[in-house]
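Please work from the sequences and hints to get the whole structure.
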Amino acid sequence: MVRIVLILAFAPPLVAAGMGWLAGPSFLHPIRRELSPDLIQEANASFSHIGAHSEEFDMRAPDGALLRGWKVRTAKPNGNWVLVFHGVADNRAGVVGQAQFCFRRATA
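Plus 13 on top of the position in the sequence shown (first one is 1) and you've got our numbering.
Worth flagging that the hints you see were computed from the coordinates, not collected in a lab.
Glycine is no exception: its CB is placed at the ideal position from the N, C-alpha and C atoms.
Don't take each hint at face value.
[To be verified] Taking CB as the label site, the calculated pair distances span: (1) Trp-34 - Leu-79: 31 to 39 Å; (2) Pro-75 - Ala-24: 44 to 52 Å; (3) Asn-91 - Ile-53: 23 to 31 Å; (4) Ile-20 - Val-95: 49 to 57 Å; (5) Gln-111 - Val-15: 52 to 60 Å.
Written out as structure tokens, the structure reads:
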């Protein structure tokens, strides 16, 4: 009986620790999706489909990090703007769908 209680008490934490040790690094440091020329071409095609165009945008953050992105403008800008951020392991091409949604709403 003592053996069963000890197994039930120690097995779940040991299994959880082992799984955390195996899976933890992939959650804390996901593989980053690189911005390829194909992704840039797809994004430009998506922007031109809604009557917009993109231009490169680089700036330095106060801590010295280089931030890169696109300024996307419609054919008839109205003065409004939206800043769209991607996730940890993604890149700016990953939020093209959200940008398209914002442009469609702005021009409707």
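Results for each hint:
1. Trp-34 - Leu-79: 31 to 39 Å: Distance hint for Trp-34, Leu-79 holds at roughly 34 Å.
2. Pro-75 - Ala-24: 44 to 52 Å: holds (49 Å)
3. Asn-91 - Ile-53: 23 to 31 Å: holds (26 Å)
4. Ile-20 - Val-95: 49 to 57 Å: The hinted range 49 to 57 Å holds for Ile-20 and Val-95, with Cβ atoms some 56 Å apart.
5. Gln-111 - Val-15: 52 to 60 Å: holds (58 Å)
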